[in-house]
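A.B. asks: Taken in sequence, the protein lines are chains Y and C. All letters in the first sequence, in the order written, are residues 1 to 201 by the numbering used here. All letters in the second sequence, in the order written, are residues 1 to 169 by the numbering used here.
Rather than coming from a laboratory, the hints here were simulated on the basis of the structure. It is possible that some hints are incorrect.
Restricting the straight-line Cα-Cα distance to at most 25 Å, the calculated cross-link-like pairs of lysine to any residue (SDA-like) are [claimed, not checked]: (1) Lys-159(C) to Gly-122(Y); (2) Lys-19(C) to Thr-8(C); (3) Lys-159(C) to Glu-44(Y).
Please read these numbers as outputs of a predicted model, since none were measured by experiment.
This is what each chain is made of:
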Amino acid sequence: MAPLIPDSERRGELFSAYLDGQLAPGEVTEVSDLLDGDADAIAEFRSLMGVRRSVRLLPEFEVPPHLLPDGHLGDRLSAYLDGELVTLEHRRVTRHLVDCSDCRGGLQELDRARIAVRSLPGVDVTTTGEMSAVPAVRHRKRFIAGGIGAAAATALLVGLALGNSDQPAFSLDDLGSRHVARASAEPGFAVLPPSMEVALP
Amino acid sequence: MTDDFTPTWEDVAQRYGRKIYNFAYRLTGNPDDAADLVQEVLLRVRKGLDSYQPGSFEGWLWRITRNAFLDGVRRKKRRPESALPDGDHHTLGSSPSPDEVLASVRLSDDVQSSLLKLPYEYREAVVLCDVVGLTYDEIAEATDVPVGTVRSRIHRGRKQLRDLLTWPL
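In isolation and in its complexed conformation, chain Y is listed as follows:
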């Protein structure tokens, strides 16, 4: 009965796989035996090696820059401010903010806009159907829980905005206490980068 793969074909496959480091342990010995004193086998091995090398040496192209994102945070900034990023993503964004003044600036602008919107007075509808303004603090109550993370993010931003004297002084202790509060409310939430971890009492 003829073998499923002709010997010459199998020999070439073994040589190719050997060149790629993809042989099973027993097959390495087989390759060694095939190459032992067989001029045809050696010639085939060399020619396959040459083909492989010529493909691998093809120049590598740069991707046209417009196809790739610019590496900035984009719409993740808002999610970061709102404390909506999961732990891993939050850490990644925090790391990026440490290095990227553009994104820190973007985060500051977003935070100012966010504060301005949240400071707007709420609106109550009276029993007569008229609308009346209520103090902003009532409107903001529902944001408190989710806002702890945002406040922490803002505090971090302030700390990161080096040299910006218009901002209140950044306090790591303050940041830590805010994050501990958030972590207590939401198990699994960890917003601090490892280097800024605060020990729980």
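Knowing the structure of chain Y, use the given hints to seat chain C on it.
C.D. replies: Just chain C now, with coordinates in the frame of chain Y:
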């Protein structure tokens, strides 16, 4: 990339964009098709990451890339007419001498045009192995065939390339 880690879309774009582009270029010989494929793959990755289950990320990504490529081929229903010489593109690496550039361009043109003459399955296997740098297991996962088939395709592809190349090896 570890198996239990789900990257962001930006991570994928930055880390794999060049590989995807080069994979597509070597399969098509056409920079416009390669650029289209990168955009299509990144779009699919962005949509797919929400439902991605941590596992073999490379296998997942290259399956998407391959499917996007094949969909593009089916859509266009044409083969690339000609490959631009590699010297026309911005490539990576240091600056070689003019003679080296000339030799390199001639050799890479020869290899590229020979690659395009291979049956698709062989070309794909060779490019995934030698251009992208995947292992046989990863290629098997990306192309949904057994590892033995990958091994056979790579060897047959190389054997045909050997016969097609006019440049001395």
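A.B. asks: Within 25 Å, alpha carbon to alpha carbon, are Lys-159(C) and Gly-122(Y)?
C.D. replies: violated (75 Å)
A.B. asks: Between the alpha carbons of Lys-159(C) and Glu-44(Y), is the straight-line distance 25 Å or under?
C.D. replies: Within the cut-off at roughly 9 Å; holds.
A.B. asks: Verify the proposed pairing of Lys-19(C) with Thr-8(C), using a straight-line Cα cut of 25 Å.
C.D. replies: Satisfied, since the Cα-Cα distance of roughly 17 Å is no more than 25 Å.
Of the numbered hints stated above, the single one contradicted by the structure is hint 1.
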